[in-house]
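2 protein chains.
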Amino acid sequence: MNRKEFRDLASPAEAREAIDSLSLEGGIERVPLTDARGRTLVARLDAELDVPGFDRASLDGYALTARDTFGADEADPAALEVVGSVHAGEEPAVELEAGQAVEISTGAVMPDGADAMVPVERTDTVDNTGSNDGERTPLLVRTAVAPGDNVMFAGADVAAGERALGPGTRITPRDIGLLSALGIDEVPVRSKPRVGIVSTGDELVRPGDELDSDRGEIYDVNSYTIAAGVEDAGGEAVLYPHAGDEQDEMERVLRDAAAECDLVLSSGSTSASAVDVIYRVIEEQGELLLHGVSVKPGKPMLVGRLADSAYVGLPGYPVSAMMVFRTFVAPAIREAAGVPEPESATVTGRMGREERYGEGRLRLMPVGLVQRGPNAEGDGDAASSVDDSDNTPLVYPVDKGSGATTSLAQADGVVEVGPETDYLEAGESVRVRLFSPDVRPPTLLGVGEDDPTLNRLLDHLENPRYLPVGSRPGLRRLRDGVPDVAVTAGPIERDTDATELGGWTREWGLVVRPGNPDEIEGLSDLVDRDLQFVNRTSDSGLRVSLERALAGLADDRGAGQRELAESITGYDLGLRAHESPARTVIAGEADAALGLRETADHLSLEFIPLGEQSVRVFANPDRTAKASVRELETALAETSNEGA
Amino acid sequence: MNRKEFRDLASPAEAREAIDSLSLEGGIERVPLTDARGRTLVARLDAELDVPGFDRASLDGYALTARDTFGADEADPAALEVVGSVHAGEEPAVELEAGQAVEISTGAVMPDGADAMVPVERTDTVDNTGSNDGERTPLLVRTAVAPGDNVMFAGADVAAGERALGPGTRITPRDIGLLSALGIDEVPVRSKPRVGIVSTGDELVRPGDELDSDRGEIYDVNSYTIAAGVEDAGGEAVLYPHAGDEQDEMERVLRDAAAECDLVLSSGSTSASAVDVIYRVIEEQGELLLHGVSVKPGKPMLVGRLADSAYVGLPGYPVSAMMVFRTFVAPAIREAAGVPEPESATVTGRMGREERYGEGRLRLMPVGLVQRGPNAEGDGDAASSVDDSDNTPLVYPVDKGSGATTSLAQADGVVEVGPETDYLEAGESVRVRLFSPDVRPPTLLGVGEDDPTLNRLLDHLENPRYLPVGSRPGLRRLRDGVPDVAVTAGPIERDTDATELGGWTREWGLVVRPGNPDEIEGLSDLVDRDLQFVNRTSDSGLRVSLERALAGLADDRGAGQRELAESITGYDLGLRAHESPARTVIAGEADAALGLRETADHLSLEFIPLGEQSVRVFANPDRTAKASVRELETALAETSNEGA
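Protein chains in written order, with the UniProt record's numbering: chain F, 1 to 644; chain Z, 1 to 644.
Some clues are possibly wrong.
Since the list gives no way to pick one copy over another, a pair counts as held whenever it fits inside one copy or between any two copies.
[What the hints assert, rightly or not] Derived lysine to aspartate or glutamate pairs resembling EDC-like cross-links, with alpha carbons at most 20 angstroms apart:
hint : residue 1 : residue 2
1    : K296      : D60
2    : K299      : E121
3    : K299      : E462
4    : K299      : D572
Because the hints were derived from the structure by calculation, they are not lab data.
Required output: the full structure, derived from the provided sequences and hints.
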């Protein structure tokens, strides 16, 4: 069979229709009341009994005949004879006659002959101590009551035959109260749709297992993420073992999943063999309804039937898989599970910067939100491209490229950009669909250098977000007006009008193997000896400091800086994160790495100091009054005092 | 020890403080990633590895040296030699030299020597079939690429040392994606607070068990309801067996719960002995912080410590217990569980009628909501006391009295009325705090006669609410402007300007034991013979028809209607719901009951017809265009056609 091409992409509406045409419903099951919360009732429940089942005293006091109290008041109480008592959970042993009363506790059965009750506070008992045996306690009733007073009649709460809960009710704790009152301990609910998840790909390793990066192994992101999404939508996720790319095995797993589940979701390897197996199984045992959707990300989506199960093939890239799942699959699972689409999960924001599209596909753009805070109407900084005159949040796209797994963890929701839209302007109003109604956008958005002290500092804030883009890109983004703060390390080349909140210093240098077996003493060793070095990328403040040090060494030697750099093996091999070079040393792939003392200590490596650099935190001048910015300033002041 | 009185009620703020002073936190536990959704991280997680862990091809195509493609385009492709292939999950077996390329699949490791890749769509392979052995495939590259193009570098997604998730993060499916990518299969989270639930009271029976109403038994509502509330708030509910009112047993259960849980909630019997036991255990093993709160419902609330556990005593009445739980306890459980307070769960509405308070306590008023629909700005009916000029929902109190268990199932949220407020006017704007953000107020609010046909009819609507208050009270409420529709049965005494939507007829008469052992033939038998009868309340349309029939019999006999009524034993014993009289016959407590043929059939009883009456559905004239009202009209038309 030939591999299919995405020649005729379906529209998103056609994809929805195709999925809607599948039946994901899992049938009906009976669950005990203790498990009923959040489940969806499939049948009307009518009351089969009266609640309460008897006329019931509403207070502690005396049951009596209302007529006996007529005319009674504080000054002229009615005198009655107490002929017994009834407690809650007891059958009354007495029947009242005129002039008699029965002591009764809240919730107890009204005895025959009584038609009202008087609370104990409105009565007195006459002290009868020392009276003759057999004489009953006299009771003074200091108020008049009408028939029915302080009595809850049988069925007053719920009456037999009443419609209690209708079909389709999503059971709340309050409904559980009603069901309990009716004595119902088991309810018929919609079964959760069983959703089988099959991740394919030889390169996938389950989290917790050992990873071999040289073989190109990566952790399987989709299985657990999609499973959590399935459960969020009210389904029951069933994880199948990795099928790898071996055809027989993949086919067996797909058939098992189709036999056991209402819906099978595959994702993973995009290898031709995997797609071929899926096609073959679908063609033999089902029907392919759709291949390819005009949406980005998510184009390579399959919809069909596998034996008696519905089937959706998700793209392998985690962000694409999750976006397609959320957009097309989760609503169908919710529908089948009877879980309502969450409401009020949209927010209006303004684009923090211009974005261009123009690919003619519906774009599902993961975005982050940042609130501008109390002085957003500040000085109207002309450099900012965004209108500051309102306080709607700023919206910025979160996109690390299609292979990225983490974009969504740094996003708050999605903006749908129609295929006809070529660009969104900075400041343009957009509707953000939050990932869920309880998404709380971060209190603080920071960008810039990565630093272990900063990582700890951010723990003082509730829900901060930090994008470690490096010092220079951080300052650039701060100037563009989106983040609240930017963090820089080392010398800053350009002036900034940002407000400095504080900072600390950090020791940088060379990170080498424990015990420093190569006896590296400084930069000169890297230049003069045959050592493998690992650098940081040029966005990093650490790299800038290294370059300055190298320039100093070049001056001392009367040599050119570039010449020295070229004599360092690996100088141009720049890694992105502060720990990555040091980890290359651990892996035995380098002799020395650019890094921080703190990183060396953390990873139990040796450290050769080359200098100190200051780390500085700058705030967007419009956001200095924002609560989180002030909290960060306070935390910074404490850190400086500790000398961290 | 003396029983405490509620002399000095604490303010709601003091009650909150007292609960906040208790520690409900359940410590820390490690959970597998599959169970991490919704849990709250207790520690920062930094990345311990680069994601991806290697330089990775982003597409299917060819890895090569960018320099070899410089200047290439469609017309003038670069010719390279393909020297091997790398698939995802494989370690590259080749190292590239100038002029060479390696076939590479998406996600595979970039081989040494390659610094970019070209997607397969921009290349051609020259057909080499029949060429000499050993000759390698020539590749034509029809585009120029720069170093790094179509490659995701190691750490570009997440870099080792980066702050991945901060403490306090409530883990979403997207976070599970990030954790999966980092290979983390277990996370440290806050333990769910264990909340022990102790319901006391000899009269309580667990749902599902047999109930003895003669002994005043009722189903235990609080245990399951509070348990569901605890789980909603992120706690783990532990149900303890009913303690009854026996002191030793109750003490043992309380001590067990305190030893095993972070918080013990008691509710149930308000008997003096129960309170005494709780006091004794608290005084011996803990501390009483507060007794009695100035709030209605919920005054009799206790806050304290029981051994190492926090303790809150809830009122016994289900509505009070739940209101106190929601207002004071649930926020503390959420705080301890790290579950954020749900946002956007408030709605502004207008009071549907005046309400008076003035008890000097904070009033927690359960309310229902009704949306007025599209023609709310209709004819400005002068009889309606509510301003129709906006479309905010109408708010009406739901209150069946303090013993009621079901009020909350018929309510959508709570209005807090401050102690200084004596009354709320009809039309006054109020803030309704919904029970949860996903509460959907009913699409239709109906009131009036209860009827089995109506119960089924309502199944055609999504989420209707029906309050079976009887025919006459239903019409009265419709005139007051709150409900959408009212349902009447039998003759209507007063004119109404409401719009009739449709109706059906029902057969009414006497419901008697199977086989009609008393050979009852009609009303005359009730008047003339010594039979026990059960009537309906005077609000019921059925009762009105019965009275007319009795008037007819009186005319025939030349007797007075009241005289005949007095000769029927039980004529004044009116039950509220349509099934309740018939169930009295089943219980052997009556020989004949007023009821419907349908009820007799449903309960397998015999039916003696006395007449037919029409059931009519009337719509609020302002709501005839409301979608649910029109759906009901359609359903009614179908019912009439079926002749139901």
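Practice task
Tell me, please, which holds for K299 and E121 at an alpha-carbon limit of 20 angstroms: within, between, both or neither?
Solution key: between (75 angstroms within a copy, 16 angstroms between copies)
Practice task
Could you figure out if K299 and E462 sit no more than 20 angstroms apart (CA to CA) within one copy, between two copies, both or neither?
Solution key: For K299 and E462, the Cα distance exceeds 20 angstroms both inside one copy (37 angstroms) and across copies (35 angstroms).
Problem - Alpha-carbon proximity between K299 and D572, which holds within one copy, between copies, both or neither at 20 angstroms - result: neither (37 angstroms within a copy, 73 angstroms between copies)
Practice task
Evaluate K296 and D60 at a C-alpha cut-off of 20 angstroms and name the case that applies: within, between, both or neither.
Solution key: Result: close only across copies, 18 angstroms inter versus 69 angstroms intra.
Checked against the numbered hints above, the structure violates hints 3 and 4; every other hint is satisfied.
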